[in-house]
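Trainee: Now for the letters of each chain:
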Amino acid sequence: MFEAVAFYLFAFLTIAMFFITVTTSQALYALSALAAGMIFISAFFFILGADFLGAVQIIVYTGAVMALYAFGMMFFDTTREVKEKKGNKFIIVGLATLCAVIIVAIFAAPIVSDNMLSLYPALEGAGNTQSVGLVLFTKYLIPFEVAAIMLLVAMVAGIVLAGKKMDLSLTLLNAEEIEKMDEEINKKVLS
Amino acid sequence: MEKYLYIALFAPLVSSMFSALFTNTPKKQFVGIIASLLIFSAFVSSSILLTHILDGGDIVHVEMMTWMATGNLYIPFGFVVDQISVTMMMVVTLVSTIVHIYSIGYMDHDKGFNRFFAWLSAFVFSMMILVMSDNFAGLFIGWEGVGLCSWGLIGFWFHKEVATWAANEAFIMNRIADLGMLIGIFLVYWNTGSLQYDIAFPAMAHLDSATLTWMGIFLFIGAMGKSAQFPLHTWLADAMEGPTPVSALIHAATMVTAGVYLVIRSNELYDLIPHVGLFIASLGAFVALFAASMALVNRDMKRIIAYSTLSQLGYMFAAAGLGAYWVALFHLMAHAFFKALLFLGAGNVMHAMHDELDPFKMGGLKKVMKGTWIMMTIASLALAGIFPFAGFFSKDTILEAAFAEHHMVIYGVLLFTAGLTAFYSFRLVALIFHGEERYKIFGIHPHEAYKFMLIAMSPLLFLAMIAGIFQTPFFEMVEEILGATEYHIHSHATLLIMLVGTQMFVGLAILYAYKKYASWSSVPDGSSVIENSFIYKLLYNQYYIPYGYEEYIVKPYNELSAALWEVDKKVVDASVDGIASIFYSAGENTRDMQSGNLSTMLKWMVVGTVVLLSLAVVFGLAARYSGEIMSILSGLGV
Amino acid sequence: MEIGLNHYLILSTILFAIGLVGVMRRKNLLLLFFATEILLNSVNIAFAAISHYYGDLTGQMFAFFVIAIAASEIAVGLGLLIVWYKRHGNIDLESMTSMRG
Numbered sequence: 001m002f003e004a005v006a007f008y009l010f011a012f013l014t015i016a017m018f019f020i021t022v023t024t025s026q027a028l029y030a031l032s033a034l035a036a037g038m039i040f041i042s043a044f045f046f047i048l049g050a051d052f053l054g055a056v057q058i059i060v061y062t063g064a065v066m067a068l069y070a071f072g073m074m075f076f077d078t079t080r081e082v083k084e085k086k087g088n089k090f091i092i093v094g095l096a097t098l099c100a101v102i103i104v105a106i107f108a109a110p111i112v113s114d115n116m117l118s119l120y121p122a123l124e125g126a127g128n129t130q131s132v133g134l135v136l137f138t139k140y141l142i143p144f145e146v147a148a149i150m151l152l153v154a155m156v157a158g159i160v161l162a163g164k165k166m167d168l169s170l171t172l173l174n175a176e177e178i179e180k181m182d183e184e185i186n187k188k189v190l191s
Numbered sequence: 001m002e003k004y005l006y007i008a009l010f011a012p013l014v015s016s017m018f019s020a021l022f023t024n025t026p027k028k029q030f031v032g033i034i035a036s037l038l039i040f041s042a043f044v045s046s047s048i049l050l051t052h053i054l055d056g057g058d059i060v061h062v063e064m065m066t067w068m069a070t071g072n073l074y075i076p077f078g079f080v081v082d083q084i085s086v087t088m089m090m091v092v093t094l095v096s097t098i099v100h101i102y103s104i105g106y107m108d109h110d111k112g113f114n115r116f117f118a119w120l121s122a123f124v125f126s127m128m129i130l131v132m133s134d135n136f137a138g139l140f141i142g143w144e145g146v147g148l149c150s151w152g153l154i155g156f157w158f159h160k161e162v163a164t165w166a167a168n169e170a171f172i173m174n175r176i177a178d179l180g181m182l183i184g185i186f187l188v189y190w191n192t193g194s195l196q197y198d199i200a201f202p203a204m205a206h207l208d209s210a211t212l213t214w215m216g217i218f219l220f221i222g223a224m225g226k227s228a229q230f231p232l233h234t235w236l237a238d239a240m241e242g243p244t245p246v247s248a249l250i251h252a253a254t255m256v257t258a259g260v261y262l263v264i265r266s267n268e269l270y271d272l273i274p275h276v277g278l279f280i281a282s283l284g285a286f287v288a289l290f291a292a293s294m295a296l297v298n299r300d301m302k303r304i305i306a307y308s309t310l311s312q313l314g315y316m317f318a319a320a321g322l323g324a325y326w327v328a329l330f331h332l333m334a335h336a337f338f339k340a341l342l343f344l345g346a347g348n349v350m351h352a353m354h355d356e357l358d359p360f361k362m363g364g365l366k367k368v369m370k371g372t373w374i375m376m377t378i379a380s381l382a383l384a385g386i387f388p389f390a391g392f393f394s395k396d397t398i399l400e401a402a403f404a405e406h407h408m409v410i411y412g413v414l415l416f417t418a419g420l421t422a423f424y425s426f427r428l429v430a431l432i433f434h435g436e437e438r439y440k441i442f443g444i445h446p447h448e449a450y451k452f453m454l455i456a457m458s459p460l461l462f463l464a465m466i467a468g469i470f471q472t473p474f475f476e477m478v479e480e481i482l483g484a485t486e487y488h489i490h491s492h493a494t495l496l497i498m499l500v501g502t503q504m505f506v507g508l509a510i511l512y513a514y515k516k517y518a519s520w521s522s523v524p525d526g527s528s529v530i531e532n533s534f535i536y537k538l539l540y541n542q543y544y545i546p547y548g549y550e551e552y553i554v555k556p557y558n559e560l561s562a563a564l565w566e567v568d569k570k571v572v573d574a575s576v577d578g579i580a581s582i583f584y585s586a587g588e589n590t591r592d593m594q595s596g597n598l599s600t601m602l603k604w605m606v607v608g609t610v611v612l613l614s615l616a617v618v619f620g621l622a623a624r625y626s627g628e629i630m631s632i633l634s635g636l637g638v
Numbered sequence: 001m002e003i004g005l006n007h008y009l010i011l012s013t014i015l016f017a018i019g020l021v022g023v024m025r026r027k028n029l030l031l032l033f034f035a036t037e038i039l040l041n042s043v044n045i046a047f048a049a050i051s052h053y054y055g056d057l058t059g060q061m062f063a064f065f066v067i068a069i070a071a072s073e074i075a076v077g078l079g080l081l082i083v084w085y086k087r088h089g090n091i092d093l094e095s096m097t098s099m100r101g
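Protein chains in written order, with our numbering: chain A, 1 to 191; chain B, 1 to 638; chain C, 1 to 101.
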C-alpha cells in the first residue's frame with residue numbers, strides 16, 4: 001500500500017516537474033524543475049531497493065550536473081524569456097505520444113518472452129551497496145575503468161573548451177614573458 | 001603432333017592480335033609481312049598434320065581446357081584433327097596464306113592496311129576453331145567468329161554506305177540461320193546428352209526418326225545461312241562490296257563452305273535421314289541452276305564470280321545430300337583453289353581498271369595483263385570442269401554420283417548447270433581479256449599487278465591445274481570416316497559416253513561464249529532487244545528476290561517497328577521515365593528535410609524511431625503468430 | 001494494489017515522451033540539454049525497475065554507466081556551448097545551419 005502511494009505520488013511529481021521543464025519559457029524555472037525531477041526520480045530508486053543508485057542520482061545530477069547547468073546559465077544570458085520555435089505543436093506532441101504508445105504496446109504485449117535469466121542476482125543478506133560493489137568491481141570492472149577514463153577525458157575536454165588561453169603553458173614561459181603578460185592583464189583591469 | 005595443332009590454331013590469333021596493335025597507326029609494311037609469316041607457319045603445321053594423317057597416324061585429339069562444366073553439361077575446349085578437319089585446315093591455311101601475301105600488294109595504298117590484317121587473321125583463327133573443334137559448341141563459336149569477321153571485312157570500307165549495308169545484311173541473314181543452327185545444337189544436346197562429336201553421333205543411332213529429322217533440318221538451316229543457299233542467298237552477292245582478297249578468302253574458299261563442312265561433319269546424322277539428304281541435294285541442285293542463271297546476264301565481274309560460288313556450293317550440297325560426302329569435300333577443296341584464284345585475278349583486273357567492275361567496259365586486257373589472263377583462263381577452265389583441270393575430277397564425280405544414285409532430275413539439272421557455268425565463266429573471260437579495248441573510252445590506263453602478287457597466286461594456279469591427281473589419295477584418306485562409296489557407273493561404255501558428252505557439252509558452251517563475246521565492241525546501254533526481254537530482266541534483277549525481300553519483309557517490318565516504337569515510347573520509355581521521375585520528385589520533395597536545421601533533424605530522428613518501433617511491433621507480432629499467418633496464407637492458396 | 005514492472009515501464013515511457021517533446025520543441029540549446037537529461041533519466045528508471053523485478057543487478061549497472069555518460073556529455077556539451085556562444089553571441093538552434101545540404 002505504502003509502495004503504491006509512494007509510486008503514484010512520485011510519478012505525479014516527476015511528470016509534473018519534467019512537464020514544467022519542457023514547457024516553461026523561463027530558463028530558471030526549467031532548471032529548478034529539472035533538479036526537482038531528478039530528486040524525485042531518486043525516490044523511485046529507493047523504492048526499488050537500489051539505494052546506491054538513488055544516492056548516486058542525487059549526488060551526480062542534483063549535485064554536479066545541476067551545478068554545471070547553473071554555471072552555464074550564468075554564463076549565457078538566459079534570464080530573459082526563451083523564445084520557442086514556431087511550428088505545429090500537434091506534430092511534436094503527436095509524434096511523442098505515438099512513440100510512447102508503441103513502446104507501451106510493446107511492453108503490454110508480451111513479445112519478449114519470459115525467458116530472461118538472472119545473470120547477477122543480488123546477494124542474499126547483503127545490502128544493496130555491497131552487492132553493487134561486488135558486481136561492479138568483478139564483472140563490470142573493465143567498463144567501470146573505461147567509464148572512469150571517459151569521465152577524465154570529458155573533464156579535460158570541458159576545461160579546454162571553456163577555458164581561456166589554454167594554448168599557453170606557464171611552465172614553458174620564462175619569467176619575463178609572464179611578467180609582461182601580467183602587466184597586460186593589469187592594464188586591462190585598470191582601464 | 002599436339003604442338004603443331006596448337007601452332008596451326010593459335011598462330012592466326014597471334015597474328016591478329018599483333019596486327020591489332022597497329023590499327024590506329026599509319027600503314028606499316030612489316031605488319032603484313034609478319035601476319036603472312038604467322039599464317040604461313042599455321043600452313044606448315046597443317047601440312048605436317050596432313051602428312052601425319054596420310055601416313056595412317058592416329059587422329060590427333062586434344063583437350064586444351066575445360067570450358068563449361070555444369071551439371072550434366074560438360075564442354076571442353078577440345079580440338080580434333082582427323083581426315084575431314086585436316087583437309088579443311090589445309091584449304092583454309094593455304095588459301096589464307098596466299099591471300100595474306102596477295103593483300104600486301106592489293107591493300108598497298110589503303111589507309112586501313114594494318115586493320116585489314118587484324119581482321120583477316122582473326123577470320124583465319126575463327127575458321128580454324130570452326131573446323132578443328134571436337135564439339136558443336138566450339139564449332140558454333142567459330143561459326144559466329146567467322147560471321148563477325150565477315151561482317152568486319154565486308155564493311156571494311158565503312159565510309160561507303162553500300163558496304164556497311166551489305167555487311168549488316170550478311171550479318172543479319174546469318175543470324176536468322178544461326179537461330180536454326182542453335183536449335184539444332186540444342187536438339188542434339190537434348191537428345192544425346194552431349195555435344196562432343198564422338199559421343200553425340202553414335203548416340204543418334206538410337207533415336208527415333210522424327211527427332212533426327214528435326215535435328216537434321218535445323219542444323220541444315222544453319223548451313224544454309226552460312227553457305228548462302230536459297231532463300232538466304234542474297235547476302236553473298238552483296239558481300240562483294242568487301243575488298244577482293246576478302247571475297248576470295250571468305251566468300252569463295254572458306255567461310256561459305258562452312259555449311260558444307262557442317263553437313264559433312266554430321267554425315268552420321270544425315271546418313272540416318274536420307275529423306276532430308278534428298279531435300280538437301282534437291283535444294284543444292286536448284287541453287288546451282290538458279291545461281292548460274294543469274295550469273296549469265298550480270299554485269300558486275302565480282303558478282304558473276306559470287307554467283308558461280310553460289311552455284312558450286314549448290315553442287316557441294318547436292319553431293320553431300322546424296323551421301324557422297326567425300327565427293328563434296330573434294331569439290332570443296334578443289335573449288336577453293338580455283339575460285340580463290342579467279343577472285344584474286346579479278347582483284348588484279350579491278351586494280352588495273354581503277355575499281356571498274358563492269359566487264360563490258362574492259363576488253364582486250366590480255367595484252368597488258370598477260371599473267372592474270374592466263375591464271376583466270378585456267379581457273380575458268382577448272383571451274384568449267386575441263387579435263388585435266390581440278391574441276392573435272394571433282395565436278396564430274398558429283399555428276400557420276402547423281403547418276404549412280406539414279407537421281408536423274410538432279411543429274412540433268414547439274415549437267416545443264418555445268419554448261420551454264422562454262423558459258424558465264426568464259427563470257428567473263430572473253431569480255432575482260434579479249435576483243436576491243438573498250439576501256440580506252442573511259443580513259444583508263446591498266447597495268448599488271450605487282451609481281452609478288454602473281455607469284456603468290458601461282459600455288460593456286462598450280463593446284464587448280466593438278467588437284468585432280470589427289471583424288472585417289474584423298475579418297476583413301478577420308479574413306480575411313482566418310483564412307484567408302486566409290487561412284488562407278490557399271491558399264492564402261494556409259495561412263496565414257498557420259499564423260500565425253502559432258503566434256504563436249506561444256507566445250508561447246510565455252511566456244512559459244514567466246515564466239516559471242518570475244519569480239520564484243522560496244523558497251524551495252526540497255527536498248528538492245530535482248531536486254532529488254534522478260535527473261536533478261538528477270539535474271540538481271542535476281543528474280544526480283546531482293547526486291548521482294550525489300551517489299552514484303554523489310555518494309556512491313558519497318559512499319560511494324562515504327563508502330564512498336566510508338567508503343568515503346570508510350571509504354572516502355574514512359575515507365576522507365578516514370579520510375580526516374582518518381583525518384584526525382586521524391587528527392588526534390590525530401591530535399592527540404594536536409595535543411596541544415598538541427599531541430600528539424602531531431603524531429604526526423606523521432607519519426608525514424610517511431611517507424612523502427614512500429615516495425616518491431618509488426619515483426620514481433622508476425623513472429624509470434626507465424627503459425628496462424630501461415631495457415632491463413634495456405635488457406636488463401638498462396 | 002500491487003505496483004508491478006509495467007507500472008514503472010509505463011512511467012518511464014511517459015517521461016521519455018515528455019523528453020521527446022522537449023527535444024523537438026526547444027530552440028535554446030541549454031534547454032535542449034535539459035530535455036536530453038529527461039530522456040536519460042526515464043531510461044534509468046526502466047533499468048532500475050527491471051533490475052529490481054528480475055532480481056538482477058545488471059540493470060543497475062547500466063544505469064550507472066548511463067549516469068556516467070550523461071555527466072561526460074554535459075561536461076563536453078557545455079564546453080562546446082561556451083565556445084559557440086563566444087563566437088556567435090547566442091545559443092540558438094536555428095542559427096546552426098552550416099550543415100545545410
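What the hints contain is simulated information worked out from the structure, not anything from laboratory work. Values in this document were obtained by computation on a predicted structure and should not be read as measured data. Some hints here could point you the wrong way.
As the list claims (entries may be wrong) - No more than 27 Å apart at the CA atoms, straight line, and that leaves these computed lysine-lysine pairs for BS3-like: (1) B:K603 with B:K370; (2) B:K27 with C:K27; (3) A:K188 with C:K86; (4) A:K187 with C:K27; (5) B:K555 with B:K440; (6) A:K187 with A:K164; (7) A:K180 with C:K27; (8) B:K361 with B:K603; (9) C:K27 with A:K89; (10) A:K139 with C:K86; (11) B:K370 with A:K89; (12) B:K515 with B:K27.
What the hints assert, rightly or not - DEER-style ranges, computed between Cβ atoms: (13) B:Q594 with A:A157: 39 to 45 Å; (14) C:G89 with B:I629: 48 to 54 Å; (15) C:G89 with A:F71: 15 to 21 Å; (16) B:R624 with C:T97: 56 to 62 Å; (17) A:A157 with C:T97: 20 to 26 Å; (18) B:D568 with C:T97: 24 to 30 Å.
Backbone N, C-alpha and C define an ideal beta-carbon position, used for all residues, glycine too.
Trainee: Next, verify each hint and record whether it holds.
Mentor: These are the hints, each one checked on the structure:
1. B:K603 with B:K370: violated (96 Å)
2. B:K27 with C:K27: violated (76 Å)
3. A:K188 with C:K86: holds (19 Å)
4. A:K187 with C:K27: violated (39 Å)
5. B:K555 with B:K440: violated (42 Å)
6. A:K187 with A:K164: Distance ~18 Å between K187 of chain A and K164 of chain A Cα, so the pair holds.
7. A:K180 with C:K27: violated (43 Å)
8. B:K361 with B:K603: It is violated: about 89 Å lies between the C-alpha atoms, which goes past 27 Å.
9. C:K27 with A:K89: holds (13 Å)
10. A:K139 with C:K86: violated (44 Å)
11. B:K370 with A:K89: violated (105 Å)
12. B:K515 with B:K27: violated (45 Å)
13. B:Q594 with A:A157: 39 to 45 Å: Check failed, 29 Å falls outside 39 to 45 Å.
14. C:G89 with B:I629: 48 to 54 Å: Between G89 of chain C and I629 of chain B, where Cβ atoms are some 59 Å apart, the hint is violated.
15. C:G89 with A:F71: 15 to 21 Å: Hint holds: Cβ distance 19 Å, inside 15 to 21 Å.
16. B:R624 with C:T97: 56 to 62 Å: violated (45 Å)
17. A:A157 with C:T97: 20 to 26 Å: holds (25 Å)
18. B:D568 with C:T97: 24 to 30 Å: For T97 of chain C against D568 of chain B, whose Cβ atoms are near 46 Å apart, the range 24 to 30 Å is violated.
Hint compliance for this structure: hints 1, 2, 4, 5, 7, 8, 10, 11, 12, 13, 14, 16, 18 are not met, and every other hint is.
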